[in-house]
Amino acid sequence: MRSGLRCTCWIAFALSAVSIVAPAHTVAELEMIARSAVVREVSMAAGLSLASFYATAVPLTDLEERAKSGSTAGIRLAARTAMDILSDPLQLLVEQPANDLKELAISGVTSDVRLDAARAYYIKIREALTAARLTADAEGSESEELALAAGEALSGFYTSFEVMPAAELMEQAVGGTTPGLRTAAGLALGTHLIRTSSLTEGEIVVKIMEHTIVHTELAEAYMLLLAHRWREGGGA
Amino acid sequence: MRIRRVLFICFLPLLVGAMLVAGQGYDEMPVDAKILPLGVRGMGWGDLEPGVRGGTFYLSAPGNPNRWNPMTATETSTTLYTNHIYHGMVYLNPVTGVIDPLLAKSWEISEEGRTIAFHLRRGLRWSDGEPFTAADVLFTFRDVILNEEITTVARDGLRLPDGTLPIIEKTDDYTVRVTTSSPFRPILSAMGQKILPKHKLEHLVHKLNPDVEPGTFDTALGLDMHLADIVGMGPYVPASFAPDQQVVFERNPYYYVYDAEGIQLPYFDRRVVLIVSSDDVTLLKFLNGEIDGYAPRTSDLPFLMGKAALRDFTVKLDPAVGTYGSSWIAFNQDIGLADGTDENKRTLYRDRTFRQAFAHLLDKEAMIESIFHGLALPQWSPLSFGSPFYAGRESYGGTLNETDAVVFEYDLDEASRLLDSIGVIDRGNDGWRDYEDGTRVVISLSTVSGLSDFEGMAVIISDRARLVGLDVRLAPGEANAVLTAMFTGSFDALILAFTGGNEPHSLGSLYTECGRLHFWRQSACDEPTEVDIAFSELFGEGVATLDAEEAFEIYAEIQRLAAEDAALIYTAYAAFRYAFYDYVGNAEMANPNGHATGHSGNACDFVFDRRLLP
Chain A
1 MRSGLRCTCW IAFALSAVSI VAPAHTVAEL EMIARSAVVR EVSMAAGLSL ASFYATAVPL
61 TDLEERAKSG STAGIRLAAR TAMDILSDPL QLLVEQPAND LKELAISGVT SDVRLDAARA
121 YYIKIREALT AARLTADAEG SESEELALAA GEALSGFYTS FEVMPAAELM EQAVGGTTPG
181 LRTAAGLALG THLIRTSSLT EGEIVVKIME HTIVHTELAE AYMLLLAHRW REGGGA
Chain B
1001 MRIRRVLFIC FLPLLVGAML VAGQGYDEMP VDAKILPLGV RGMGWGDLEP GVRGGTFYLS
1061 APGNPNRWNP MTATETSTTL YTNHIYHGMV YLNPVTGVID PLLAKSWEIS EEGRTIAFHL
1121 RRGLRWSDGE PFTAADVLFT FRDVILNEEI TTVARDGLRL PDGTLPIIEK TDDYTVRVTT
1181 SSPFRPILSA MGQKILPKHK LEHLVHKLNP DVEPGTFDTA LGLDMHLADI VGMGPYVPAS
1241 FAPDQQVVFE RNPYYYVYDA EGIQLPYFDR RVVLIVSSDD VTLLKFLNGE IDGYAPRTSD
1301 LPFLMGKAAL RDFTVKLDPA VGTYGSSWIA FNQDIGLADG TDENKRTLYR DRTFRQAFAH
1361 LLDKEAMIES IFHGLALPQW SPLSFGSPFY AGRESYGGTL NETDAVVFEY DLDEASRLLD
1421 SIGVIDRGND GWRDYEDGTR VVISLSTVSG LSDFEGMAVI ISDRARLVGL DVRLAPGEAN
1481 AVLTAMFTGS FDALILAFTG GNEPHSLGSL YTECGRLHFW RQSACDEPTE VDIAFSELFG
1541 EGVATLDAEE AFEIYAEIQR LAAEDAALIY TAYAAFRYAF YDYVGNAEMA NPNGHATGHS
1601 GNACDFVFDR RLLP
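Which chain is which? The protein sequence lines are A and B, in order. So for the first sequence, the working numbering puts the first residue at 1; every next one is plus one. So for the second sequence, the working numbering puts the first residue at 1001; every next one is plus one.
By construction, these hints were calculated from the structure, which means they are not laboratory data. Glycine included, C-beta positions come from ideal geometry on N, C-alpha and C. Take these hints with a grain of salt, some might be off.
[What the hints assert, rightly or not] Listed below are the simulated EDC-like cross-link pairs for lysine to aspartate or glutamate, each with C-alpha atoms no more than 16 Å apart in a straight line:
no., chain 1, residue 1, chain 2, residue 2
1, B, Lys-1285, A, Glu-210
2, B, Lys-1105, B, Asp-1032
3, B, Lys-1285, A, Glu-139
[Claimed, not checked] Pair by pair, the computed Cβ-Cβ distance ranges are:
no., chain 1, residue 1, chain 2, residue 2, range
4, B, Glu-1369, A, Thr-196, 24 to 30 Å
5, B, Leu-1612, A, Glu-210, 36 to 42 Å
6, A, Ser-111, B, Gly-1398, 54 to 60 Å
The shape of chain A in the complex, shown without the other chains:
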């Protein structure tokens, strides 16, 4: 009975979301979705699609405000990504020695600082990286941010030199033993879906809703696909 109710709710959510997003090809429509979508990942997909528009059209002070206290995850993501486009923090960080970056990734004062430093660290040492090394780091590192950044870098191996089949990506995105491993598979799955999926926008939203609470990495993979569709379709 409970599962039946849950299923009905999902469908209701899906239908309402589809009706919202179907014609989503203009900046105004994307912004409306980013502000009002019930499902976090749908809001974020709209946010990702808005970012480049925000970077060119929204004043920096407004971006800072929206990144900090935007009303939804999508608005905050749009503003944060736009700020990164305008001034990529990694470009300054990556000029520092690798050891300093690693130290900052472990003991930086905020999670954002630690994650940026961790991302810059893996860029800095990329000539020495292998899938095995990144897997080990993603399984457990000296900070959560290092593990997460290792997972992000590992996703690139999954889509290039160490190609992982979609079924395994899905399995690892759901059942990976650490957030780093799940992130690696989730991001690579997003790439795989963009390359191969023929799902309609409505079907993508349904997929997102199926996974949004329990399997965040899967939901985010479909979120990347949805954002790609919206960018492809024009709009922002």
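Got chain A; can you put chain B on it based on the hints?
Below, chain B alone, put in the same frame as chain A:
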């Protein structure tokens, strides 16, 4: 006074209008304009699409230009900039890979092959609106390149084997005749040197203006020059330069190249070159969308390919297309010659059977997989894959078939057999091979430390050599020290690379006995071997024929001879890779040949911004 001011105000719009017209370019397409038949089937350009004008293309460069002078600054860090500004009479077509007309619309070669008459396009203008004529070509070649008081390596490419230089004459305002002492096939590509504006530069040449000191031209077109005075025939002119930050190029209003629909090229209004010295930052700038295209390194690829679909860019990888250049291992055949030491080693390195045995130890497949992640090609020839003279082709510029490739397969048994045959065997029963006198053969293999591709290859070579009892020890060193050792003959064994090009005659400095790059046996200039003499004869024959197919056969023979002699044993070289955002039209046709006016495989005449399409 007041009347004057009123008149001035009244006429000001007319004056401004007149000035604008002067910079607006041709009233109509010049009769002799060069047409790129983009999208027209059957002409080699069918896979490209006509674009639209507008927008800015962003790219990066690792450093500032040294100057704006294409004759006195020929390093790639500068030509990346000057290639935007200047054109030559001929160029290497980036699509077809053959020499095509550029500022010249055609040429005729005399029957005896000593004279080429170039017919220039008529009605063209420099970027400042001055007419382009044969006087500019004559100035460039006779007063600059062939002028011994001016320092330029451009002269080397025009020098014939007998030491003479061509005679360049003007037949009329649009015809230039080039005469050589004997038929010299490379003369055609050598005439692709960038043409300079006589009206802007003649006063800087002492020969033409005794009021200036000799050598004045060497420092001409420096970075302190007013950019408006830099005038060219290329697609762009520099509009601003902020050292260590960027160079902005604006379209040349008088560019003479059009698409098939009559739209004046280039399509992009501007090209902005961001000066980024760090490879790390270049990668991040691309990922952040700050540059529109770049040539990534192998280690960049996971960071790119993982994000390509998410961020709407393409990473073009073609494992079947090698980039220009060659990577090799060499043994110093003169080792100890100067001081009478190392006779065992010198004798061994001079033995072709030893070098061939070593060639069988190169596990190129492992190198390609572990170092280049599969994105490299095994090499056997000194000539780059892209050259139309590459011996792995069916014919001149033909398809690659590798029918006549001289390949020493990775084969430990064969390597052992060959080593045994020359008496390099394990005499002490310690697992290591020895010279006849019982001392162990120890090879010190050096390369530039920090160059991970070479260090990786050296590790694999050392590892495989151990399997047959050869003691190869790695000796990485600082770049300048390694290069000094290379050119002073004070190295043992070396693994490094050369850049490459299309013209096989440039290999002459490597393989002829007195060549500047014959570094592995400098004594050959006084005591040439039979192989050295054979090379010299073949290179002489190669430049003497103007028949491309005949030349192809000669250079194929040179490549086979070089491979068999194994003085340089070729390893593997990275395949073509290029990353660009999907909104860049025609970027997918990027070609490793680049373009006379492009770089990084991105041909700047015909790329365009798809987002501007109606």
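Hint by hint, here is what the structure shows:
{"no.": "1", "hint": "Lys-1285/B x Glu-210/A", "result": "violated, 36 Å"}
{"no.": "2", "hint": "Lys-1105/B x Asp-1032/B", "result": "holds, 8 Å"}
{"no.": "3", "hint": "Lys-1285/B x Glu-139/A", "result": "violated, 29 Å"}
{"no.": "4", "hint": "Glu-1369/B x Thr-196/A: 24 to 30 Å", "result": "holds, 26 Å"}
{"no.": "5", "hint": "Leu-1612/B x Glu-210/A: 36 to 42 Å", "result": "holds, 40 Å"}
{"no.": "6", "hint": "Ser-111/A x Gly-1398/B: 54 to 60 Å", "result": "holds, 59 Å"}
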